[in-house]
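Peer 1: Those sequence lines, one after another, are chains W and E. Read in my numbering, the first sequence has 100 at position 100, and its numbers run on one by one without any break. Read in my numbering, the second sequence has 225 at position 225, and its numbers run on one by one without any break.
No lab work stands behind these hints, which were simulated from the structure alone. In this text the structure is predicted, and so the values were computed from the model without any measurement. For each residue, glycine too, the CB sits at the ideal point set by N, CA and C. Check each hint, because a few of them may be wrong.
Stated by the list, open to error - Between beta-carbon pairs, the in silico distance windows are:
1. W:ALA40 x E:ASP252: 53 to 59 Å
2. E:VAL196 x W:THR38: 35 to 41 Å
3. W:ASN174 x E:LYS309: 27 to 33 Å
4. E:LYS309 x W:THR38: 42 to 48 Å
5. W:ASN174 x E:GLY265: 47 to 53 Å
Each chain is listed here by its residues.
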Amino acid sequence: MSPSVLERMAGGDQSAVRECIEEFGPLVWSLSRRLSRTPADAEDATQEIFLDIWRSAHRFNGSLGSDKVFIATIARRRLIDRLRKTSAEPPMDSDEVLDTIVWSEPGNSTETAIEAEQAARALAQLRPEQRQVLELGLLHGFSQTEIAAKLGMPLGSVKSFMRRGLLKVREYMNRDAESVSARS
Amino acid sequence: MAEQEPPGIPDDALTDLLVKQVTEGLSPAEQRELDVLDGPLVSETSRALERAVAAVLLAASANPAPLPELLRARLQRQAADHFSAPATGSPAAGLPPVVTPDGGAATPPPSQTQRAAAAGAILPAPAPAPGPARTAGAAGWWAAAACLLLAMYAWFRTPTLSSLPPSPPVAEIPAPVPPAGPVQPIPVPTPAPTPVPTPAEERAALLAQAGAVKLNLGATKDPAAAGVTGDVVWDPAKQRGFIRFSGLKPNDPTRRQYQIWVFDGERDPRYPVDGGLFDVPEGQSEIVVPIRALLPVHVAKAFAVTVEKPGGVVVSARDHVIALAQAT
């Protein structure tokens with residue numbers, strides 16, 4: 001199997017840098033727009049995230065997950081860090097942006113990382129309020145306390161929904177991994 | 001009906017801590033609690049939860065918006081700058097590893113969770129925790145920023161901060177000279193090669209243009225700043241500028257380097273824009289260095305120079321701020 005863009009960058013392949021921007025730029029930009037207060041913030045965040053990616057590329061291990069998960073993890077860390085530092089408020093009105101999310105269709109793994117498909121399948125199994133808690137927390141940067149206040153829900157319920165939702169995603173990811181290893 | 005949790009995970013309270021760690025960060029008390037419980041199962045669960053979070057993000061980004069052209073161009077320029085910087089040991093880049101924004105130059109020892117992630121996972125070490133720890137760190141930065149402004153205020157009220165002497169002869173970093181071409185057997189009139197302008201010439205040209213501003217640079221009370229004077233020329237439209245120093249001590253680039261910072265009025269003052277690294281060779285009484293801002297500077301409110309480790313830092317601890325210039 002040919003090395004990924006991240007592995008090539010880590011190996012010093014300069015041509016992989018441009019490919020990295022082309023391949024992951026839209027993903028990083030989309031996440032930045034979602035978790036930034038203004039377009040200017042999103043642009044700055046995108047630049048900072050790419051710096052993080054270039055510095056961390058050597059730590060990518062393709063046997064443990066896809067490059068997109070690696071990128072999304074780095075991006076989210078940076079974006080949440082920026083949000084927490086610069087404001088007590090999440091970026092945008094969540095009621096408006098919740099409708100703008102385009103979820104992966106379960107079963108369509110050609111366009112997205114396999115992990116995205118697994119997560120989409122897991123999310124489809126969640127109750128609406130569980131899913132809403134995950135969306136507010138993961139996609140819009142609200143803290144658990146903020147979600148509880150926003151939804152008028154006990155903090156314990158928010159924690160429980162968040163925990164069970166993520167464990168459900170993990171369960172689907174593990175299940176697929178086990179079935180793959182069983183087949184091989 | 002109660003939902004069954006998959007086997008092989010810690011109890012609910014511990015899992016809640018791990019979920020909070022990977023979604024919004026932990027307070028110091030929560031982090032201490034987690035450190036006590038740290039173990040292989042905790043590390044594995046932490047990694048799995050972070051992967052799950054990333055997978056949800058990917059699932060919600062089925063149709064990502066295209067990258068704006070201007071931003072793409074800026075990223076490519078940033079990449080060129082980044083990968084052309086001198087290597088400092090990181091296998092991935094010329095710049096140093098990311099320094100925790102609220103941890104300054106010192107990165108706390110990693111927990112087992114973090115060590116495990118660093119050693120074997122696809123994921124880099126978790127982000128620093130927000131909450132009280134971050135608040136404390138932020139308070140430190142605010143204090144540092146306040147001190148910085150106070151220092152700048154004091155500086156610009158001090159007689160020693162008077163303007164530089166009028167344009168003394170400037171010695172600058174020698175510009176690269178193109179190699180001489182082969183000797184032609186028959187002399188053919190050719191246009192003379194365009195000389196590469198020196199930083200001092202570029203500075204003078206920039207200063208002559210409308211829109212460029214000049215700020216006096218003053219030294220702080222840091223011992224390394226003794227006798228330092230200078231000025232900053234900055235063109236907001238071109239996003240270009242130069243700093244001219246006099247009396248700056250030569251540095252050993254293998255031990256420390258000078259780093260420029262630009263305080264943008266539209267950004268958080270705790271996180272000024274990195275303006276690039278430079279060195280002062282032995283025997284240079286004056287030096288002109290370009291400001292290479294990595295991010296766009298909307299309103300340049302102040303410029304600072306710090307002494308940092310080789311390769312510089314992403315966020316300075318501001319232990320050695322040696323020179324400051326403030327816009328009026």
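Peer 1: Failing hints, ascending?
Peer 2: Numbers 1, 3 and 4 - these are the hints that the structure violates, sorted from lowest upward.
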